Amino acid sequence: MDYRFSEEQSMLKDSLQGWLGRNYQFDQWRRLIARKPPHSEENWKSFASMGWLGITIPEAHGGLGFGAIDQMIIGEAFGSHLVTEPYLSSIVFGSNLILEAGTEVQKAEWLPRIAEGTARLAFAFAEKQSRFSLNTVATHAQKTSNGYTISGEKILVLDAPSADKLIVLARTGGDTTDKTGLSLFLVDPKNPGVSIRAYSTVDDRQAADIIFDNVVAEALIGSEGDALLAVEAVTDRAIAYLCAEGVGAMQALIEATLAYVKVRKQFGQAIGDFQIIQHRIVDLRVQLECSRAMTLYAAVSATADANERARAASAAKVQVGRSARIVGRNAIQLHGGIGMTNELSIGHYFKRLLMVETMLGDIDFHQKRFASLPSELA
Amino acid sequence: MDLALSAEDKAFRQEVRAFIRENLPADIADTARRMFHTHPEDMLRWTKILHQKGWSAPSWPKKYGGTGWSAVQRYIFDEEYCMADGPLPLMAGHGVTMVGPVIYTFGSDEQKARYLPRILTGDDYWCQGFSEPGSGSDLASLKTRAVVDGDEYIINGQKIWTSLAHNANMIFCLARTDTTVKPQQGISFLVFPVDTPGITIRPIISIDRGHSLNETFFENVRVPRSSLVGEEGKGWTYAKFLLGHERFTIAEIARSKRRLQRLRQIARETPVGQGTLLDDPSFQEKATAIEIDLVMLEQMGLRIAWEMDQGIDNMLSASILKLRGSQIIQAVTELSIEAMGYSGLAYESLQDGSMFSPSAPDIAQGKMEEFLFLRAATIYGGSTETQQNILAKMIYAGA
Ligand SMILES: Cc1cc2nc3c(=O)[nH]c(=O)nc-3n(C[C@H](O)[C@H](O)[C@H](O)COP(=O)(O)OP(=O)(O)OC[C@H]3O[C@@H](n4cnc5c(N)ncnc54)[C@H](O)[C@@H]3O)c2cc1C
Numbered sequence: 001m002d003y004r005f006s007e008e009q010s011m012l013k014d015s016l017q018g019w020l021g022r023n024y025q026f027d028q029w030r031r032l033i034a035r036k037p038p039h040s041e042e043n044w045k046s047f048a049s050m051g052w053l054g055i056t057i058p059e060a061h062g063g064l065g066f067g068a069i070d071q072m073i074i075g076e077a078f079g080s081h082l083v084t085e086p087y088l089s090s091i092v093f094g095s096n097l098i099l100e101a102g103t104e105v106q107k108a109e110w111l112p113r114i115a116e117g118t119a120r121l122a123f124a125f126a127e128k129q130s131r132f133s134l135n136t137v138a139t140h141a142q143k144t145s146n147g148y149t150i151s152g153e154k155i156l157v158l159d160a161p162s163a164d165k166l167i168v169l170a171r172t173g174g175d176t177t178d179k180t181g182l183s184l185f186l187v188d189p190k191n192p193g194v195s196i197r198a199y200s201t202v203d204d205r206q207a208a209d210i211i212f213d214n215v216v217a218e219a220l221i222g223s224e225g226d227a228l229l230a231v232e233a234v235t236d237r238a239i240a241y242l243c244a245e246g247v248g249a250m251q252a253l254i255e256a257t258l259a260y261v262k263v264r265k266q267f268g269q270a271i272g273d274f275q276i277i278q279h280r281i282v283d284l285r286v287q288l289e290c291s292r293a294m295t296l297y298a299a300v301s302a303t304a305d306a307n308e309r310a311r312a313a314s315a316a317k318v319q320v321g322r323s324a325r326i327v328g329r330n331a332i333q334l335h336g337g338i339g340m341t342n343e344l345s346i347g348h349y350f351k352r353l354l355m356v357e358t359m360l361g362d363i364d365f366h367q368k369r370f371a372s373l374p375s376e377l378a
Numbered sequence: 001m002d003l004a005l006s007a008e009d010k011a012f013r014q015e016v017r018a019f020i021r022e023n024l025p026a027d028i029a030d031t032a033r034r035m036f037h038t039h040p041e042d043m044l045r046w047t048k049i050l051h052q053k054g055w056s057a058p059s060w061p062k063k064y065g066g067t068g069w070s071a072v073q074r075y076i077f078d079e080e081y082c083m084a085d086g087p088l089p090l091m092a093g094h095g096v097t098m099v100g101p102v103i104y105t106f107g108s109d110e111q112k113a114r115y116l117p118r119i120l121t122g123d124d125y126w127c128q129g130f131s132e133p134g135s136g137s138d139l140a141s142l143k144t145r146a147v148v149d150g151d152e153y154i155i156n157g158q159k160i161w162t163s164l165a166h167n168a169n170m171i172f173c174l175a176r177t178d179t180t181v182k183p184q185q186g187i188s189f190l191v192f193p194v195d196t197p198g199i200t201i202r203p204i205i206s207i208d209r210g211h212s213l214n215e216t217f218f219e220n221v222r223v224p225r226s227s228l229v230g231e232e233g234k235g236w237t238y239a240k241f242l243l244g245h246e247r248f249t250i251a252e253i254a255r256s257k258r259r260l261q262r263l264r265q266i267a268r269e270t271p272v273g274q275g276t277l278l279d280d281p282s283f284q285e286k287a288t289a290i291e292i293d294l295v296m297l298e299q300m301g302l303r304i305a306w307e308m309d310q311g312i313d314n315m316l317s318a319s320i321l322k323l324r325g326s327q328i329i330q331a332v333t334e335l336s337i338e339a340m341g342y343s344g345l346a347y348e349s350l351q352d353g354s355m356f357s358p359s360a361p362d363i364a365q366g367k368m369e370e371f372l373f374l375r376a377a378t379i380y381g382g383s384t385e386t387q388q389n390i391l392a393k394m395i396y397a398g399a
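Going down the list, the sequences are from chains A and B. For the first sequence, the UniProt record's numbering begins at 1 and goes up steadily by one. For the second sequence, the UniProt record's numbering begins at 1 and goes up steadily by one.
The shape of chain A in the complex, shown without the other chains (with noise of 0.2 angstroms):
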């Protein structure tokens, strides 16, 4: 055991933290946001050029090789800064459905693109029907003589506005819910046939109602018929991602509500000097503190077998979820009216924890999943 980040880990911290420092203070990420789509080419380039964009893609398809440690450390610096940048659509999810699903051609072909920074993906799995279960899936897609060609509704797609492909899970054999005959395609979202209803989400970044009707695919991603391992090993890799985005959300909220009850004056005195007050900002902490030690055993979980993978990012999901509620309420209700105005921070990290909160299966869907699994306290 050893809970040390390694010297590369610490130093893609400190290159982390010193670029966002520069590059995304609040009132930059203010001009962000007033953009459609709400984030910008120029911090997409750095991103690759600090190598950040081909995390754990392998170095032979021009990636750093890295795991999900890593990917946790960008996830939490990233949360602290509210960044827009379609980081989990397009290398949580596109990159590491690519590496764990592609073929050795399409590998070659998209990796090194998407570390570069040309290609951005988007991911089209969710459906009004699921909810938040990755194996209902009623978009099929149709074999052709060449092809296939894919009809359905995907909801939710996040970044889907600025991606130049989708990724869409569509079944090719089986039952709405059942868990094979699921495949991955390549969607070019130009394509006829395809329709975004794009919308701004609650934290003003974006996403799209998609429908397909009868799109050709632009390619079959691997095999056909068994993406959900593959699915659900990425899933739960950009939960562990979705959880450290979490914490630095959190963390960051902590200090500026600390930072604010210390200089806020009312009754003659500062009200962090309020017991209450000060038991409300222990109660905070320790939040974090649950949500940091689950979210590391998340991403350390990564690539454990399937079984421990899923207990460790339920788990996690469950406990970030509850923290995000806590100190996402108490950071706007200590700071009193002024935490209601969109002006501060308080406000997005509110909406950010939300979306944490929600993407990729709530609270109760994630202690359902918890439950379903094998546990050793049975």
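Take the hints with a grain of salt, since some may be wrong.
To be clear about the criterion: a stretch of chain A counts as covered by chain B if any three or more of its residues have a C-beta under 8 angstroms from a C-beta of chain B, and this derived list gives those stretches [as the list claims (entries may be wrong)]:
#1 34-48
#2 188-200
#3 243-252
Facing chain B, a subset of chain A residues (Cβ under 8 angstroms, in silico) [as the list claims (entries may be wrong)]:
#4 Ala126
#5 Ile155
#6 Lys179
#7 Ile332
#8 Phe350
#9 Lys351
Derived pair list, reagent style SDA-like, types lysine to any residue, alpha-carbon separation capped at 25 angstroms [what the hints assert, rightly or not]:
#10 Lys182/B x Arg280/A
#11 Lys286/B x Thr180/A
#12 Lys62/B x Leu302/B
#13 Lys368/A x Gly268/A
#14 Lys262/A x Ala331/B
#15 Lys257/B x Arg324/B
#16 Lys179/A x Arg280/A
#17 Lys240/B x Ile338/A
#18 Lys265/A x Ala392/B
#19 Lys143/B x Gly268/A
#20 Lys143/B x Asp175/A
#21 Lys368/A x Arg268/B
#22 Lys368/A x Gly273/B
#23 Lys63/B x Arg74/B
#24 Lys393/B x Cys290/A
#25 Lys393/B x Gln275/A
#26 Lys265/A x Gly273/B
If you're looking for bench data, these hints aren't it; they were derived computationally from the structure. Since the model is a prediction, treat every value here as computed from it, not as a measurement. Beta carbons: idealized from backbone N, C-alpha and C, even for Gly.
Got chain A; can you put chain B with the ligand on it based on the hints?
The following block gives chain B with the ligand in isolation, referenced to the frame of chain A:
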């Protein structure tokens, strides 16, 4: 002891229900369902309809143009009104619920004649200028000054969180008229038009992306001395009277019942696999827990309403009602968002100022805005921590 409603109360419920069914314009109910902050023009139209019936000021005595209803009747009205998705009464300004009672209780005959009728018809739209940047929970420390100059006061200072000031033509505010006495004793209650020279109103955008909040600046604002309500230096007493009044309505018992009903409707229209969210036992458990809280809140509320009718002023219960009511508001709005799952996260601004989620059912539109805005329910009207401080004082003193 008899906790049942009387036959008259039951008949009254039928009368209210029928009136609202026939008279609440469908478009206004629709807007109220989808948006937290409805349009002032709609509120005016609706206030006129209520006024014609004599119901625009449910809480006022008959003498001043109110309904003269008992507190229990008011509760019944509120319940019917909320179940029909009537817009938040506060959206018509703070005339009926806040400044009106202060004016008819402490104001001069001239002020009553001048202001009350225009509140009843909706022609005056009032906003509340109490809070200041440095004075929120500690309201008594407020710094806005009103200095006598001949027949006038000259007002200087700044207010903040002035809800709906941009819709208002009238403001009531607290200002310091005497700096030599204890803070609470130097405060006066003033009323004047918002277009008086020297007043500037600036919008504050809240986390739901909406505009209801404002900053209000006073720079050498001259108002006649007749703007003073009651006695100089008694403003704090009037403000406490007003905030005490508010604590009952702000618990939003009936509105939260409607919220729970809507939440179950959202669950019914939210597909999960082959069924709906309503079939999910863990959802049912959470909704049931809230429903039990609401039964409790209602029982407590009815008792307080009855006590008010008997002239009993139960400050302890009123404070507890606000405390628990705001927590329950947040629990039910939070579960509504949870029920929506992914579809709740889409948040698009429409032309009419409402927010829209393309993949959510109709019944769920507006829920995210409401959830976000109502984070404030535990902040305004005396924050949770403030209620706890008030309660601690009362309980330690033997209440
Ligand atoms: C949506 C909204 C609408 C509003 N509308 C109006 C309006 O129309 N007109 C108007 O005048 N005002 C309005 N307000 C202002 C509201 O009354 C104040 O926000 C409230 O009084 C709290 O003051 P504050 O915001 O300055 O917070 P603060 O008083 O600074 O409080 C910050 C935090 O410290 C806590 N705290 C403060 N003192 C203590 C203590 N002694 N012990 C323990 N904890 C403490 C508070 O509970 C809170 O959590 C509105 C506010 C909101 C959010």
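These are the hints, each one checked on the structure:
1. 34-48: violated (count 0)
2. 188-200: With 3 residues close enough to chain B, the hint holds.
3. 243-252: Since three or more residues must qualify, the claim that chain B covers the stretch 243-252 of chain A is violated, with 0 doing so at under 8 angstroms.
4. Ala126: For Ala126/A, the interface hint holds, since the closest Cβ of chain B sits about 5 angstroms away, which is under 8 angstroms.
5. Ile155: For Ile155/A, the interface hint holds, since the closest Cβ of chain B sits about 4 angstroms away, which is under 8 angstroms.
6. Lys179: 13 angstroms, violated
7. Ile332: Holds, because the Cβ-Cβ distance from Ile332/A to chain B comes to roughly 5 angstroms (cut-off 8 angstroms).
8. Phe350: Constraint on Phe350/A satisfied, holds at 7 angstroms.
9. Lys351: Because about 7 angstroms separates Lys351/A from the closest Cβ in chain B, which is inside the 8 angstroms limit, the hint holds.
10. Lys182/B x Arg280/A: 32 angstroms, violated
11. Lys286/B x Thr180/A: 33 angstroms, violated
12. Lys62/B x Leu302/B: Distance ~22 angstroms between Lys62/B and Leu302/B Cα, so the pair holds.
13. Lys368/A x Gly268/A: 49 angstroms, violated
14. Lys262/A x Ala331/B: 29 angstroms, violated
15. Lys257/B x Arg324/B: 14 angstroms, holds
16. Lys179/A x Arg280/A: Since the Cα atoms of Lys179/A and Arg280/A sit roughly 44 angstroms apart, the hinted pair is violated (cutoff 25 angstroms).
17. Lys240/B x Ile338/A: 23 angstroms, holds
18. Lys265/A x Ala392/B: OK: Lys265/A and Ala392/B at ~21 angstroms, within 25 angstroms.
19. Lys143/B x Gly268/A: 14 angstroms, holds
20. Lys143/B x Asp175/A: 69 angstroms, violated
21. Lys368/A x Arg268/B: This hinted pair holds, its Cα atoms lying about 20 angstroms apart.
22. Lys368/A x Gly273/B: 15 angstroms, holds
23. Lys63/B x Arg74/B: Holds - the C-alpha atoms of Arg74/B and Lys63/B are around 17 angstroms apart, at most 25 angstroms.
24. Lys393/B x Cys290/A: 35 angstroms, violated
25. Lys393/B x Gln275/A: This hinted pair holds, its Cα atoms lying about 16 angstroms apart.
26. Lys265/A x Gly273/B: Answer violated: Lys265/A to Gly273/B is near 52 angstroms, above 25 angstroms.
Against the hints set out earlier in the document, violations occur for numbers 1, 3, 6, 10, 11, 13, 14, 16, 20, 24 and 26.
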